[in-house]
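Based on the sequences and whatever the hints tell you, model everything.
Protein chains: 4
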Amino acid sequence: MDFEKILQELPAQMRELCGKGRVATYIPALARVPANKFGMTLCRVDGGCYSVGDSEERFSIQSISKVFTLSLAMSRCGEALWRRVGREPSGNRFNSLVQLEYEKGIPRNPFINAGAIVVCDMLLSHLSNPKQNLRDYLRVLSGGFDIDFDEEVARSEAETGFINYALANFLKGHGNLHNDVDEVLDLYFHQCSLALSCSELAQAMTHLASAGVSKRLGEALLTPAEVKRINALMLTCGTYDAVGEFAYRVGLPAKSGVGGGIVAVLPGEYAVAVWSPELDPSGNSLAGGAALEYLTTVTQRSIF
Amino acid sequence: MDFEKILQELPAQMRELCGKGRVATYIPALARVPANKFGMTLCRVDGGCYSVGDSEERFSIQSISKVFTLSLAMSRCGEALWRRVGREPSGNRFNSLVQLEYEKGIPRNPFINAGAIVVCDMLLSHLSNPKQNLRDYLRVLSGGFDIDFDEEVARSEAETGFINYALANFLKGHGNLHNDVDEVLDLYFHQCSLALSCSELAQAMTHLASAGVSKRLGEALLTPAEVKRINALMLTCGTYDAVGEFAYRVGLPAKSGVGGGIVAVLPGEYAVAVWSPELDPSGNSLAGGAALEYLTTVTQRSIF
Amino acid sequence: MDFEKILQELPAQMRELCGKGRVATYIPALARVPANKFGMTLCRVDGGCYSVGDSEERFSIQSISKVFTLSLAMSRCGEALWRRVGREPSGNRFNSLVQLEYEKGIPRNPFINAGAIVVCDMLLSHLSNPKQNLRDYLRVLSGGFDIDFDEEVARSEAETGFINYALANFLKGHGNLHNDVDEVLDLYFHQCSLALSCSELAQAMTHLASAGVSKRLGEALLTPAEVKRINALMLTCGTYDAVGEFAYRVGLPAKSGVGGGIVAVLPGEYAVAVWSPELDPSGNSLAGGAALEYLTTVTQRSIF
Amino acid sequence: MDFEKILQELPAQMRELCGKGRVATYIPALARVPANKFGMTLCRVDGGCYSVGDSEERFSIQSISKVFTLSLAMSRCGEALWRRVGREPSGNRFNSLVQLEYEKGIPRNPFINAGAIVVCDMLLSHLSNPKQNLRDYLRVLSGGFDIDFDEEVARSEAETGFINYALANFLKGHGNLHNDVDEVLDLYFHQCSLALSCSELAQAMTHLASAGVSKRLGEALLTPAEVKRINALMLTCGTYDAVGEFAYRVGLPAKSGVGGGIVAVLPGEYAVAVWSPELDPSGNSLAGGAALEYLTTVTQRSIF
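Just so you know, the sequences run in chain order A, B, C and D. Numbers 16 to 319, taken from the numbering used here, label the letters of the first sequence in order. Numbers 16 to 319, taken from the numbering used here, label the letters of the second sequence in order. Numbers 16 to 319, taken from the numbering used here, label the letters of the third sequence in order. Numbers 16 to 319, taken from the numbering used here, label the letters of the fourth sequence in order.
Check before you lean on any hint, since a few could be wrong.
Copies of the same chain look alike in the list, so a pair counts if it works inside one copy or between any two.
Listed next, the in silico DMTMM-like pairs over lysine to aspartate or glutamate satisfying Cα-Cα at most 25 Å (straight line) [unchecked claim]: (1) 35 x 72; (2) 119 x 174; (3) 230 x 17; (4) 52 x 24; (5) 35 x 94; (6) 35 x 24; (7) 20 x 167; (8) 119 x 295; (9) 52 x 19; (10) 230 x 71.
For the record, the hints were derived by calculation from the structure and aren't laboratory data.
Below is the structure:
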């Protein structure tokens, strides 16, 4: 597979989508990102990486962080995690209170906001220094030694995050939050504010394409069973309420963020990260999704 | 991979689950199937098949038929199909009217009852002799020349299928059914009554494991893109409201039926069919799911 | 209270609303009723009646019939009726399947379609000749000896009533319909097709304003307790999903129909019927509601 | 009507219900109220009052306070109030987030928690000293010069009120809260903590039985139109999700609280307050509802 050639073709193609989506504007730091950014990095499990466009520019990874907090929580809490959060697609908007109410405070899965807030709560209970531990985990995974939170973004999230406050209080009211609402949300808003580049994200995902082993670190970060499970969750719950559409078109386990990033893996072959800030109506990067669809179409390789 | 050995181990293991699920009892023909049946057949894409237990006994395939009606409809209607039915997991019970009402008569996906009824409606509009055409399609795919409807089952379904009548009338009231309610449901109840054995079902699924090509027939039945899409739909929508759980534990695109059957594929490697009548609370075969989980666990191979 | 003068003022006032609502068009017989019709009759409990406009013209009473089928059913089944239908406002569209599904086939109240269909089912079980018995009940109550079903309307309702077929099948599927779906709906569509004039309807309602006693017939048709209950149900459930609005503005127990009629009572004082075909967005007669609001405002008398 | 005699009969009758309901236990101050308390006061519009049992003992009026905050808000904001809160029964649990989400942050009515929180927000915007103004309003209405908040109750409500925090944040997130969440909820928790006796509450309600005029104060507090509207809202929304049942059995506009109090009026005749801490499953006082049903049954007088 000539990944280099495929990636080189993308920026021109993606330019046609420019202006057809909408950059997230609910906080100033996201609103001011230029709409025409496009970057992508693909790392093969055997070590070779291919990049194109703005692949070295850091952006707000937002919900992509939920893959990493889930990984951390799975390694700390094991199966006990699933007593407090489900693993079914939600069939509803990612911040829906409706389902949470019908299901008595047990979020559908760890990738909707309510579920990710519960995961934060577990990390708070299990880590000595949750924010730093999480940041350092990303540094190690990605090799980006100066990866950090964007404090402006974290502050903006906190100031405008009334729906997340509503979710967290609702979880607390149903007994599914053990720590203080404010502490949990502080961690949550910080995880969303983490800034990484495509090349850092692709690196940070490679172990999910290689049965849990990081070639770069020379060690197993997760068991094969854990990897299978995280990938299954990405496939069924990773792209908001477009998971069916995404599986149908792209066919890779993936997780997207409202900052315009998407990470995906083809197990046994590669991890990939793509970034383009304009979103489609379901909240996934418009050009990012199209680039991944192109990738799996021309290579004729997906998990299906 | 020594599939033969793996399959031989299963019946003994599955015996432990006997009595822990519940056989479907809503119609007499299903209720009287012995609970302790267990059969399984795995067919490799290169042609070798492995069977164990009651793999030659025919059973009511029920919702498994939805894979085949969808395949037929995709080949006849193409992308137009998706204007009348969605492709997202439902997050609700398979016969839920709630979602259908909120979404104005567009079923979430072709594997929930409402969606399968819309697919039937399309087949009625596109096929000259829908019931026979469907039956013959299964005969060709499986190689079972005498595969047929179980008229007793079809009649029982019609007599007790008030919720399906409700769904069809609701679809009709929203303009998403072009033929008569009774005609559409007659086809629907017949497709559910088709009786096949595990070995026939595994054969009928092999092209979904080999990019659309049937080795036995020596021809391409579907394009690679169509196969990718059907497999994606099975993964995200194929096992009622346990799709997340199933992806997490088993990690294969699969479709289950209330008769206790499950079909699944590992693209590029094998198609598999398993049958055991006792169901878990989500309506999937208890031992069938467990057998597939064992298979992907010991082989350390799934799509993830 | 000079009711004569108040009624005389209404047609001119109501003319201003002409063109601001929409006549029901789902069946031809309703669609062709002239939009500018307006009639009203008020009958005092002491016997005096006042009429204005098209008060002698018969129209399709539609859901207003549900008051009379409920009265009949209460007199035949007593409290047992409430095991199969609730008495709470629905908070949802009058033909909603959603609530019915969440509440396992027990309709919220006898004035939503599902509830009225269950009431029909009870009448079928308790009356020797349900259609004629119902028609004759209306003849006696109203004094209109030639009141009858409009067979064209009944037929149209049956031909287009897919949502009602869906509701009835859903009820049957949940065990809350004892007779055949088609028989129950035949009675239901016929009750909706009954054609009465405002003066006949006002007469037919007077006993609900006078503790159950019909002056004209010289007998008690209902007990005071039954009257209180029917009036309470009209107030809390009688005007689709605008019951709060209607209570707030008008302040009378009332039942409306999609044909543009509304009946209401001020207990101890009067019964009133008004008709004007244009409907507001909630499905209640626009001018009819305005006329009743005017009536209770200028007289400064409502139940509140 | 011999109200004195009727009231004297009640305590003995109500004793039979003792132990059949459940005292609210979500905060300590409510949990420790003796279950066997029963008090009632009825004040005729002409001035005579009748009391029985523990009618002079103050209790936490909880949601009954919503009648008084609504009255205050209506007099300050007029019809503008209804742009931010609806006036339809909810058909759902009183603290439901589901409906609020479907309806984009506009609460169904001012008596569900979300609606009362919006009313608090308006009072905060319109009153110079909201808490004291509200308390003093109650003092004037009831004649209880030392009526006050129960600070222990207010504090407990704040400490355990996660669902109310969820509601308020959700409203804020939808732009339907203009002041700080904490300030609004502080007022809300205080209004719920107001402690009054039955005789004080009956006094405070008399103007709602006499077209807005307080005989005791010798002045009109509300217009007849405002009274009609508040009474209509109590009837359609005042008793949680049992409004239909309550209208059916009792037939009076009423507002209940989780402290076991219920206030009601028969316009033109009397205001009544009853208190008994054990609640039925819908959250209304069990003996309180039964006492009011007895009252309207033996007097054969209700609004219907």
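Tested hints:
no. : hint      : in the structure
1   : 35 x 72   : within (22 Å within a copy, 54 Å between copies)
2   : 119 x 174 : between (27 Å within a copy, 20 Å between copies)
3   : 230 x 17  : within (21 Å within a copy, 29 Å between copies)
4   : 52 x 24   : within (15 Å within a copy, 55 Å between copies)
5   : 35 x 94   : between (42 Å within a copy, 22 Å between copies)
6   : 35 x 24   : within (20 Å within a copy, 55 Å between copies)
7   : 20 x 167  : neither (38 Å within a copy, 59 Å between copies)
8   : 119 x 295 : between (31 Å within a copy, 21 Å between copies)
9   : 52 x 19   : within (19 Å within a copy, 53 Å between copies)
10  : 230 x 71  : within (21 Å within a copy, 46 Å between copies)
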